Amino acid sequence: MSDHPVLRGYVLPGLPQPLLTPEKNPGYARLRDAFGRVREQIAATDADLILVYSTMWPSVIGHQIQARPEPEWVHVDELFHDLGSIPYKFRIDSQFAAKWNEVCATRGLPTRTINYHGFPIDTGSVVTLKLINPDNRLPAVIASSNVYADRAETVVFAKAAVEALRQTGKKAIAVIVSSLSNRFHQEFIDPADDRIYSLKDHEWNLKMLEFLEAGRLEDVSQLSRQIQREARVRKVVNFKPFWWLASVMGPHNFYKGTVFGYEPVFGAGAAVVGLDRAAQQARDLEFDEEDPEVYAGERNVLDTTETLSGQAGDLEEAPGAGE
Amino acid sequence: MEKGKIVAGALAPHPPHLVYAENPPQNEPRAECGWETLRWGYERLRKSLSKIDYDAIVVFSPHWQTYVGTHFLGVESFNSLSVDPIFPNLFRYHYNLKVDVPLAQAMEKEARDAGLVTKMMTNPDFRVDYGTIISCHMTRPEWDKPIVSISSQRSTHYFSQDVTQGLMLKLGRATRKAIEASGKRVVLLSSNSLSHRHFTSEGDIPEDMSREHIYHHGQYLWDMQMIELMKAGKSKEIFELIPDFTEQTIAETDSGALSWMLAAMDFPTFPAEVHAYGTVIGTGNAVAEWNFETMGGDA
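In order, the protein sequence lines correspond to chains S and X. The first sequence stops at residue 323 when you use my numbering, and every number in between is there. The second sequence stops at residue 299 when you use my numbering, and every number in between is there.
These are calculated hints, taken from the structure and not from any lab test. Please note that the accuracy of each hint is not assured.
Cβ-to-Cβ under 10 Å is the rule here; a few derived chain S residues that face chain X [as the list claims (entries may be wrong)]:
| hint | residue |
| --- | --- |
| 1 | H81 |
| 2 | S85 |
| 3 | I114 |
| 4 | N146 |
| 5 | F184 |
Bear in mind the structure is a predicted one, so any value in this text is a computation, not a measurement. Idealized CB from N, CA, C, for every residue including glycine.
Next comes chain S alone, as it looks inside the complex (with noise of 0.2 Å):
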């Protein structure tokens, strides 16, 4: 038995359609189905709060992390605003976040925590908390994925995740709010005739489910890049919610997976998959990325022999990210 403070984990779209327009396609409604099935798995755990990361949240001065108690609001979605509203009221662990943050700092990693009245929560945690947390019954905490951050700080950002919940004697449920493939249609369609943007995104996504379902979290994880050339649209440098998830949950392949449902989604590949932790390992496992505990600045790979001499003072004053 593990006793490690997360407890599963949850790949989860974050597109409106699943919550507000089911009836519009069939692959719809079996993904509002599958979400209910995630809700009803966390409800029967003893979690004390719902981690989530979120890829529909850009962020620039670090990660952001939300810590507004209650922050209640009408949200509608800036491209899919025809769709309707959503009003909702969330209830967020203050306390969580502000030792998350705490623990961030002693890891040298840039953060900060939210708290404003109408802060603009994003598309993709409103969705999925309102599916999977209908009630509020447990409270969750936000994080933003930073524009500018790549591996190291993502992996950190989750170690100190991690670190927070130990500290704290705290239990929790992990959720990577994310699309598969991402490309969207470039023309308004039927809803029911929505399928995926293109046959490679779709193979891209069955390898990812192959790969998430036999357990390999981190192979999964450490393939990021390679997903992010093939079937991704480059809106940021990176692909990096399963470096997160797989930081989070702990970088291997002792993993189960259940795929509750994988359907396009205006063209993207929208899947529903859960990970609980699995006595043995799944084949294969090859690792051979770093595995930092510390953010020590960027590395400036672009920059002068003497950065690659690798003076810490010096990467200490470059400011942004990537490494």
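Position chain X against the provided structure of chain S, taking the given hints into account.
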């Protein structure tokens, strides 16, 4: 009905820091000072625009990001709170604005007829993006002119900047056609920074100007190149350079805003008045004006 016209266009960047430093009553946070060079540039823009008559402001915002098509605000008025998702400590702004819906609808139709994918935004709960609000506030803080807000289709990220250039050429021409048919006199705003690499840390005092400078000298050189072209009246050259400029400086011209405005103005050949250049958290920003009433020929 008299033929409508574009009376002016302005590069009107939207860092929330500028509104923060202005301390308008609509914004909750208070500042001591900051980014004066840019704010004084906006003062000069306002003074210049105050000398001409116009009916509406049309703003193209990089922060209304639509990954499918170009969208237009289509609700008569909005009254809400805008909180910047990146700098919520600086911008929590209570806005109350009117939209020129008939003009927006006309633009949407012209764009659709030109073959672009378009949509009107008619959800009254929609929160107007902060780029639109900041550029409009800095240009016309009285909020006494109706606006049209146009979203940024993210085709640069889906395809390339060259694709965006083609789309913006069509959108600009459609915008111009709709304005001419409307009989209205309109000011255009391109709500974007130039080079757009941010610092990723912020001082305890955000308006501490001892920290403010360009992120990288290469960005500065590129920004100056673009500004020199503005001052030389070479807007077609600007348009042609935008793909390289965007790639080299992560410029906010990826949004299509500046390309759209230059195309809508039919590529003016008279020099722009560059009211200011300054950096905001490392990004390069210029306030520049093409005023067809006082500086140049017909738009």
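Review point. What hints, given by number in increasing order, does this structure fail?
Key: Every hint satisfied by this model.
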